[in-house]
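There are 2 protein chains.
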Amino acid sequence: MAKTSIDKAVLKKGILAGDRASLSRAITLCESHLSIDQELSLMLLEELHSHSGNSLRIGVSGIPGAGKSTFIEALGMELIGKHQKKIAVLTIDPSSESSGGSILGDKTRMNDLSRSPNAFIRPTATNTQLGGVGQHTQAAILLCEAAGFDTIIIETVGVGQSELNVNKMVDVFLLLHIVGAGDDLQGMKRGILECADLVVINKADEGQEQKAALEASNLKKALHLFPQKHLGWSTKVFTCSSIEKRGISAIWNSIQAHQEQLKSTQQFDLQRKHQTQAWFADLQRRSIVDFVLLQPEIQELINRAKAQMESEEISFISLLRNTKIALSELFSPPKKDKEITKK
Amino acid sequence: MAKTSIDKAVLKKGILAGDRASLSRAITLCESHLSIDQELSLMLLEELHSHSGNSLRIGVSGIPGAGKSTFIEALGMELIGKHQKKIAVLTIDPSSESSGGSILGDKTRMNDLSRSPNAFIRPTATNTQLGGVGQHTQAAILLCEAAGFDTIIIETVGVGQSELNVNKMVDVFLLLHIVGAGDDLQGMKRGILECADLVVINKADEGQEQKAALEASNLKKALHLFPQKHLGWSTKVFTCSSIEKRGISAIWNSIQAHQEQLKSTQQFDLQRKHQTQAWFADLQRRSIVDFVLLQPEIQELINRAKAQMESEEISFISLLRNTKIALSELFSPPKKDKEITKK
Chain A
517 MAKTSIDKAV LKKGILAGDR ASLSRAITLC ESHLSIDQEL SLMLLEELHS
567 HSGNSLRIGV SGIPGAGKST FIEALGMELI GKHQKKIAVL TIDPSSESSG
617 GSILGDKTRM NDLSRSPNAF IRPTATNTQL GGVGQHTQAA ILLCEAAGFD
667 TIIIETVGVG QSELNVNKMV DVFLLLHIVG AGDDLQGMKR GILECADLVV
717 INKADEGQEQ KAALEASNLK KALHLFPQKH LGWSTKVFTC SSIEKRGISA
767 IWNSIQAHQE QLKSTQQFDL QRKHQTQAWF ADLQRRSIVD FVLLQPEIQE
817 LINRAKAQME SEEISFISLL RNTKIALSEL FSPPKKDKEI TKK
Chain B
517 MAKTSIDKAV LKKGILAGDR ASLSRAITLC ESHLSIDQEL SLMLLEELHS
567 HSGNSLRIGV SGIPGAGKST FIEALGMELI GKHQKKIAVL TIDPSSESSG
617 GSILGDKTRM NDLSRSPNAF IRPTATNTQL GGVGQHTQAA ILLCEAAGFD
667 TIIIETVGVG QSELNVNKMV DVFLLLHIVG AGDDLQGMKR GILECADLVV
717 INKADEGQEQ KAALEASNLK KALHLFPQKH LGWSTKVFTC SSIEKRGISA
767 IWNSIQAHQE QLKSTQQFDL QRKHQTQAWF ADLQRRSIVD FVLLQPEIQE
817 LINRAKAQME SEEISFISLL RNTKIALSEL FSPPKKDKEI TKK
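Chains A and B, in that order, are what the protein sequence lines are. Everything in the first sequence is counted per this note's numbering, starting at 517 for the first residue and increasing by one. Everything in the second sequence is counted per this note's numbering, starting at 517 for the first residue and increasing by one.
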């Protein structure tokens, strides 16, 4: 039997003891494309599943320049200092296809937080092939919880699909705006605003307070038109200055009030249950797709099409229809065929 | 035989005559999830394929607030007025999952352009289920070209996967920045900058010119570190004011120079060929996945898992492994089985 260099029992023990190196290695294992690693990571996740779930999962989103890192650092340091929390920050980074990284490394951001023994910061890669934000991040959340982190912050860059995915894996969703980005509303999609439990107008720094307050008031009016995401909770709007560390406590209090509201109405457990089920359904779907695409018959179909395209012998839309015919033949029930041939 | 209400021959004739209503209906047909519509749209695309390809395809991207609509309107009006072009604008709109729309309708944007008889503006939906920007947009490009539009502008909102997808279907890719968004570079992913043939610093309005020029100069230095996307073309940086209609001509001249460079080195045809092949590979992959997920055996697998999750009888990671076992059995070569049983 092939032996892998990673000892699952040692890794599990390390994670449960809160060892960061073990946690990091386990997240890397979950991100691996090798089937041996995937098998191992599934076993590890299964064993650690009962140790997970005891955290508050916070999603933080906003367009580039909204100050997400500074905000997360301010919130994180306050939670560590005043509330003895242990913070894991998972940043979702739409990978560069060409070179696999951002211009400025994530290490230069969140300086204070990254030095704290009670914080763990980890960028999680998105799988561009399948466009999946969910899969690896969900696994990383589970692992961080098993390692004893009680507050998980998931940061997403950009405006679009990734926010909607993150909304499906957090208990509370914060959307960051910036003062003075008035016509941002135009670019801000309704679907993302609908996900927000709290909207935070950041960069309400000294001299900008009044402007920020006006924008907060306008935003409140706009949000009034939206349906409630959670029973008994209408989206709250806050202003804050992450750099001057003002307004952070009020946001934290509101996050806690949101959680109390959800827990008092059984919505917390229900949301978690639905999220787990959605994660599983997604994992199952991907696993089916991966499996099927690797089948020799399907690979042959893909390679044949590629060769025909290369030689330009055939219109590509005809080729596509041939693919469907080949698939139909492949999936015609074999038992029935046998019966027919017997007759 | 079931009859559809859409007459393909009439639709084809309408499109080739440049009729906007026919073009709109055909794009809607391509976006349909009904298999009868998909079949029809494939036939239509195949028949119109030979009438497509004769356009310049321009991708325009940038974060919300960068002024994409204003820029496209300024560029479009200039091309229509000075160069007798016919412009189709396809805006890619990450759909709202909850309600399927943006807060401010796209109709309020690009006022002048939307009134011009030589412009056609159409938001194309993204298929959130499969995360696909590509499929419908590629079809829409083909249809617009068949309808006689010689300049196709594809606008994407947000920063992330959709830009990388759009880059795979255009001849030239423009990235819009705004003056004063200094630390935007941090959020701007390397992969997206690597796609840019031109970077435009927008909102260089009166009084902002100097600041914009400084930022352009800094950006040029940063871009210097990047590999060339096209042989003989390093990414150009421009400043412009879309509202004051300044700097637009220089950008258009540079787009043309870019096309000449690509055509003189055979890169234009090669890029188009690769794009068509990538589109086809993507279509084929999606068609395989769609087909497989609809098979009764696979549906049963998914439904069984759902029921088990609902009753919480079983760990979901175990369930996932059961799925793999079921798939392996489903895909075990039937011919081999027969041989074994014969022996």
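These are computed hints drawn from the structure, not numbers from a lab. A quick note: this is a predicted structure, and the numbers were derived from the prediction, not measured. It cannot be assumed that every hint is accurate.
Just so you know, same-sequence chains aren't split out, so a pair can sit in one copy or run between any two.
Restricting the straight-line Cα-Cα distance to at most 20 Å, the calculated cross-link-like pairs of lysine to any residue (SDA-like) are [to be verified]:
#: 1; residue 1: Lys-789; residue 2: His-599
#: 2; residue 1: Lys-779; residue 2: Thr-792
#: 3; residue 1: Lys-840; residue 2: Glu-813
#: 4; residue 1: Lys-761; residue 2: Leu-835
#: 5; residue 1: Lys-840; residue 2: Asp-806
Checked hints:
1. Lys-789 <-> His-599: Classified as neither; 27 Å inside a copy, 59 Å across copies.
2. Lys-779 <-> Thr-792: Cα proximity of Lys-779 and Thr-792: one copy only (17 Å, versus 52 Å across).
3. Lys-840 <-> Glu-813: both (13 Å within a copy, 18 Å between copies)
4. Lys-761 <-> Leu-835: neither (60 Å within a copy, 46 Å between copies)
5. Lys-840 <-> Asp-806: The answer is both: 19 Å in one copy and 10 Å across copies each meet 20 Å.
In summary, the numbered hints that this structure violates are 1, 4.
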